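Chains L, X, G and V, in that order, are what the protein sequence lines are. So for the first sequence, our numbering puts the first residue at 1; every next one is plus one. So for the second sequence, our numbering puts the first residue at 1; every next one is plus one. So for the third sequence, our numbering puts the first residue at 1; every next one is plus one. So for the fourth sequence, our numbering puts the first residue at 1; every next one is plus one.
Calculated directly from the structure, the hints in this document are not laboratory data. Among the hints, erroneous ones may be present.
For identical chains, the list gives no copy identity; a pair is met inside one copy or between any two copies.
[Unchecked claim] Pairs of lysine to aspartate or glutamate residues, derived as DMTMM-like cross-links and limited to a Cα-Cα distance of at most 25 Å, are as follows:
1) 156 with 24
2) 156 with 94
3) 64 with 176
4) 230 with 318
5) 64 with 281
6) 118 with 199
7) 336 with 12
8) 67 with 278
9) 202 with 318
10) 4 with 145
11) 67 with 302
12) 336 with 318
13) 4 with 304
14) 336 with 326
Remember, predicted model here, so these are calculated numbers, not experimental data.
Here is how the chains run, residue by residue.
Number of protein chains: 4
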Amino acid sequence: MIAKVSKQASQEQLNEIVSIIREEGVQAHVSHANDGIIVGMIGNVTSALQQRLQQHSVVQAVNKVSKSYKLASREFHPENTVIEIGDVRIGGGELVVMGGPCAVESAEQIDEIARLVKAAGGQVLRGGAFKPRTGPYSFQGVGVEGLIMMAEAGKKHGLLTITEVMTPEYVDICAEYADILQVGTRNMQNFDLLRKLGEIRKPVLLKRGFSATYDELLNAAEYILAGGNKDVMLCERGIRTFEGYTRNTLDLSAIPVLQQLSHLPVISDPSHGTGRRELVEPMTRASVAAGADGLIIEMHTDPDNSMTGDGVQSLFPDQFARLLRELEQLAPILGKSFNTAKAPAEQFAVSAHA
Amino acid sequence: MIAKVSKQASQEQLNEIVSIIREEGVQAHVSHANDGIIVGMIGNVTSALQQRLQQHSVVQAVNKVSKSYKLASREFHPENTVIEIGDVRIGGGELVVMGGPCAVESAEQIDEIARLVKAAGGQVLRGGAFKPRTGPYSFQGVGVEGLIMMAEAGKKHGLLTITEVMTPEYVDICAEYADILQVGTRNMQNFDLLRKLGEIRKPVLLKRGFSATYDELLNAAEYILAGGNKDVMLCERGIRTFEGYTRNTLDLSAIPVLQQLSHLPVISDPSHGTGRRELVEPMTRASVAAGADGLIIEMHTDPDNSMTGDGVQSLFPDQFARLLRELEQLAPILGKSFNTAKAPAEQFAVSAHA
Amino acid sequence: MIAKVSKQASQEQLNEIVSIIREEGVQAHVSHANDGIIVGMIGNVTSALQQRLQQHSVVQAVNKVSKSYKLASREFHPENTVIEIGDVRIGGGELVVMGGPCAVESAEQIDEIARLVKAAGGQVLRGGAFKPRTGPYSFQGVGVEGLIMMAEAGKKHGLLTITEVMTPEYVDICAEYADILQVGTRNMQNFDLLRKLGEIRKPVLLKRGFSATYDELLNAAEYILAGGNKDVMLCERGIRTFEGYTRNTLDLSAIPVLQQLSHLPVISDPSHGTGRRELVEPMTRASVAAGADGLIIEMHTDPDNSMTGDGVQSLFPDQFARLLRELEQLAPILGKSFNTAKAPAEQFAVSAHA
Amino acid sequence: MIAKVSKQASQEQLNEIVSIIREEGVQAHVSHANDGIIVGMIGNVTSALQQRLQQHSVVQAVNKVSKSYKLASREFHPENTVIEIGDVRIGGGELVVMGGPCAVESAEQIDEIARLVKAAGGQVLRGGAFKPRTGPYSFQGVGVEGLIMMAEAGKKHGLLTITEVMTPEYVDICAEYADILQVGTRNMQNFDLLRKLGEIRKPVLLKRGFSATYDELLNAAEYILAGGNKDVMLCERGIRTFEGYTRNTLDLSAIPVLQQLSHLPVISDPSHGTGRRELVEPMTRASVAAGADGLIIEMHTDPDNSMTGDGVQSLFPDQFARLLRELEQLAPILGKSFNTAKAPAEQFAVSAHA
């Protein structure tokens, strides 16, 4: 349920309303819309409570939320959620670029890539320490060691870090080392993992399941939000369709749809979304044009020898840097800001493919 | 098969090569790549002919084309195809916008919409005279009358026209009245229709079947090209997936993929691709950012009362005009040109939804 | 609209009701349900006509049909449609097996295959004279010659024949030579073809588009029925999904669903539905268990050298014969009848794969 | 790698070969094919070891396994896996029916349903104690209490029990109370859960992810097998497609395909596979005809008031009993055995829908 409160309500009146709600053991969440204040309620809103609220002078209406998810919905929380981590703000108009390898392979590798991500203007270092792999005989990631290597590389080069967590028991250690925890596409409905992520106070990037509907993605986010963790960003990473030329079909309509249904920031992953290096650049541009709040892009210094075999979708460092300079031009036209580092172009090694 | 000819070849030498090929009853198609000249061959290229070509001083190589489609492939024809109709050039760096109603409903309706399309800066008027409808009891279009109404509206307002043709027997009459013929998504593999379109000399916009692969789309284009009609443009209009929130999933990766595999211009249809008015604007921008050569967008003066019931995806005239002004900003950043008419904003009726 | 008429109504009373309807220029279709008589109406059923009907002593109710298709719906026509061609009855409890090659290749080929289909117990000979092919350079069928060859083979061996028609202009000639006309998956929404098939009086097998919903299939059938051709059978032939191991995903739920929504017979095509020879046998059995009224199965004497390259899904003659003997066991358990010819097993050539 | 050993090899010779392999720290798995003995090897099979094996008199060949999964593959293990639990054998020619409610709701409910499953001839009682739910506010199951209730009902009525486990930490307690552990569709690639299930010694039913390929399903099974748990059965439960009439599209081709690629038993779930009660009966029959080794079917005494809202796909008890009697007729025709209990039909309450 939501209570719509007049814009003219004083802070005192608003506090009164919140108190009335909490007295009944119901949670109250205050949010500001253009035309008033929304007080969202989670819990057993009795008809007695509804009546009490309706009789309050500044309450204009008490309504049901039409969606099965509440905290994630735009109805319940009209303002955009802006996630602040250090001096990076996600969802607030600044384009955020997360770059790095599919997997952390060694301290040297992640350090070198971190340097290149920073030099190109990225704000977040991505890298997997634990890797979800289709078969048990594939490289499964370097584990906790990788978390430490990545944390050090991030700190040294002034980057935030993001890494995937695959199981509830690893949430705490991942949260210790990384700034953002990622839920992978295969785990979008791993409900115990989601519940555990609701208990921590680190931002979570929740990837859409490769065959999940928008509604299912928002319900998955609701599991995390319902646990009290408000810092959730959603990620479109491609869906599974009949078209086999691309690894997935990047569904860019997801970006405006999710922003309309929800207040949470939306990130696009053109690397997994296409599975082909040559499509990352145009689909990054298209993601920004569709309104994405940020991007997560694979980049590798030696993609053809990456340990996960995912190099085929990783950019070379100079492609990554060039792409970010393009975004610098594009972002302002689309009402976003993005500034690449002032790094001279020369620092990017000339690679054979250029 | 293709023969690669040295850049240094004289026109005389090139003519010689073409003659050698044609003597054997094989078609020869000349195209210019950055690093040489490509002579594509369709027909029975015997090993004797191959040898004769290989012995020619300016022939560098004779190779098989790796795709099942030939004339549509970038290998066979490295240069972009630019379709020129009057002073509009499609595929040559100028963004082309086709706008108009789902169906022609009356002379007044199409005239008024043509005026608004022109005023907003569009170059082509779209409108269906014959409508493919799921069920036999739905409005099936006004027929030949509609063709005439649209032709008159186009001429009066200085717009080209595009209309859908559904069956081989109507190709000639549609070609008489319209500047571009459109093949709808359900007819992408109506091979007799494609063959008939190969015989005419009017440009064709070929929509991707809603479950067709890129390969199937390019093979469908090959049917038209093989008939001798070189002016084919491809259109991404959304594919059918499990996601039901949008009418289709607009697959924007199709744009760079098709441009890589083929030399034909690629148009995006964000109206059918999403089926929701509020998504047309962001997905139009994303289409341009992905590299589209043009757009086909539904616009209606009274969408809620459109005769096809497709109004839910049609823009209001002022939304259409605003969107085109946005494209004017966006296009140059992406290496494209687009100029809206100098029409003052006031001429767009204020509509209730604004 | 439908009028429900009491079971006790006399033929005279029923005639009266039909007359009342037809006087108003509305079509009337009479059908018998378990609990009464249904008179379906197509046309402008005015409220005056509704009232007149409701006042008639044997009319129990006048209701709207809830589906967009009418003539195809079970509501409108509760009785099963049974299509009678010669002594074959489709939809009436006898399992019908249509067998033969993807394409007619020569008079000898089709004659030999007809002999084998008949010997195995099949009732209908299938074979394509006109072939829909993804690309223009593939074998497109032998054309009208093929129709004649197949008609002769059918007549000689006592089999009905079915062949695909791809375009309205070929409907008449196909109807001249074949007993059943088939609409292929790519043409399910070729509305001009459907309209033309509504005008003839030969049974039509309408294949589901490979991405068509049940609703779209039934609306496509409605186009044919609305033209006055009542003998339509529906065919499930596999849909396009993300799974690439099989050529299509044979959706057997379609069988009971279509039989529930409609009164038309439902045929299953396990050959195209799987695209793999080794799956044809289990999926034929499963089709019958799901309630199919018949099967259309590819069989070829030399599948590895078939001209369409579809041999990979064709059974060898002895596999076909063995499968039909299995159906003879299975059918009675499922309330169907099926009798194979009394042909001795020896007449099937021993083939290398056995 | 696999070593093919002659049928004529003595047990002593076979032991010798196994010893040679194990000496090198490689696992050896012996299986019997029609034409010889297969010794599968997992680990680092050096070329020295390969040579040593090839020189052994009874070794006919040493080959690579062509699939990414090994232990799950038919190449590696030609014999069918038969899982024996008490006197129930799964995969050995006896049809196994698992029936019960979506969720355990109370001791009385599960006891009554167990009685009805047994009376109808089922061998296994299904029921969820922990429920995966799309949103956090839906009923999440009764938890450990439910496990205990179900174990008691199973024991009382002489049924095995199966229940879903959702997270690694609950594997041990579920294994304590249930006879078979189920991995749900959303957890098919929850790799930590799969690894944990590899460590226990209870049979596991692994459901196909609703958008997982056959290859991905078999790789998921490989995770469990690689941990040492050999008792895995695969379950087809419907895939997600564009067709929205059914909840999922039950892909029955999966049954023969998986049986061909693997030696593991294959179970079909027509309840989730269709999501509609009226389709469960025909799709159960079709599953058996396609070769399923067993079925898992939802049945509820009061489906319209089930706590999960999944009642719409649950059979009424008398429908369940009738269906099992049908299977008793059908199974022998298809080379399977199935005997319903000798319970008189009267014991099934007459329900309103019948």
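*Is the C-alpha distance from residue 64 to residue 176 at most 25 Å within one copy, between copies, in both cases, or in neither?*
Cα proximity of residue 64 and residue 176: none, with 39 Å in one copy and 43 Å across.
*Go through the copies and call it for residue 336 and residue 326: within, between, both or neither, with a Cα cutoff of 25 Å.*
both (13 Å within a copy, 15 Å between copies)
_Copy assignment of residue 67 with residue 302, given that the CA separation must stay at most 25 Å_ = neither (46 Å within a copy, 27 Å between copies)
_Checking an output row: residue 4 and residue 145, CA cutoff 25 Å. Within, between, both or neither?_
neither (50 Å within a copy, 41 Å between copies)
*For the identical chains here, do residue 230 and residue 318 meet the 25 Å Cα criterion within one copy, between copies, both, or neither?*
For residue 230 and residue 318, the Cα distance exceeds 25 Å both inside one copy (36 Å) and across copies (38 Å).
_Alpha-carbon proximity between residue 118 and residue 199, which holds within one copy, between copies, both or neither at 25 Å_ = Neither: 31 Å inside a copy, 43 Å across copies.
*With 25 Å as the alpha-carbon cut-off, assign the pair residue 336 and residue 12 to within, between, both or neither.*
neither (36 Å within a copy, 55 Å between copies)
*Have a look at residue 67 and residue 278 and pick one of within, between, both or neither, based on CA distance no larger than 25 Å.*
For residue 67 and residue 278, only the inter-copy Cα distance (19 Å) is at most 25 Å; the intra-copy one is 39 Å.
*Measure nothing new, just compare the shortest in-copy and cross-copy C-alpha distances for residue 4 and residue 304 to 25 Å and report within, between, both or neither.*
neither (56 Å within a copy, 30 Å between copies)
*When no copy is named, should residue 202 and residue 318 be tagged within, between, both, or neither for a Cα gap of at most 25 Å?*
Result: close neither inside a copy nor across copies, 32 Å intra and 44 Å inter.
_Checking an output row: residue 156 and residue 94, CA cutoff 25 Å. Within, between, both or neither?_
within (23 Å within a copy, 46 Å between copies)
*Within, between, both or neither: residue 64, residue 281 at alpha-carbon 25 Å*: Neither, since 43 Å and 30 Å both go past 25 Å.
Hints 1, 3, 4, 5, 6, 7, 9, 10, 11, 13 from the list above are not met by this structure, while the remaining hints are.
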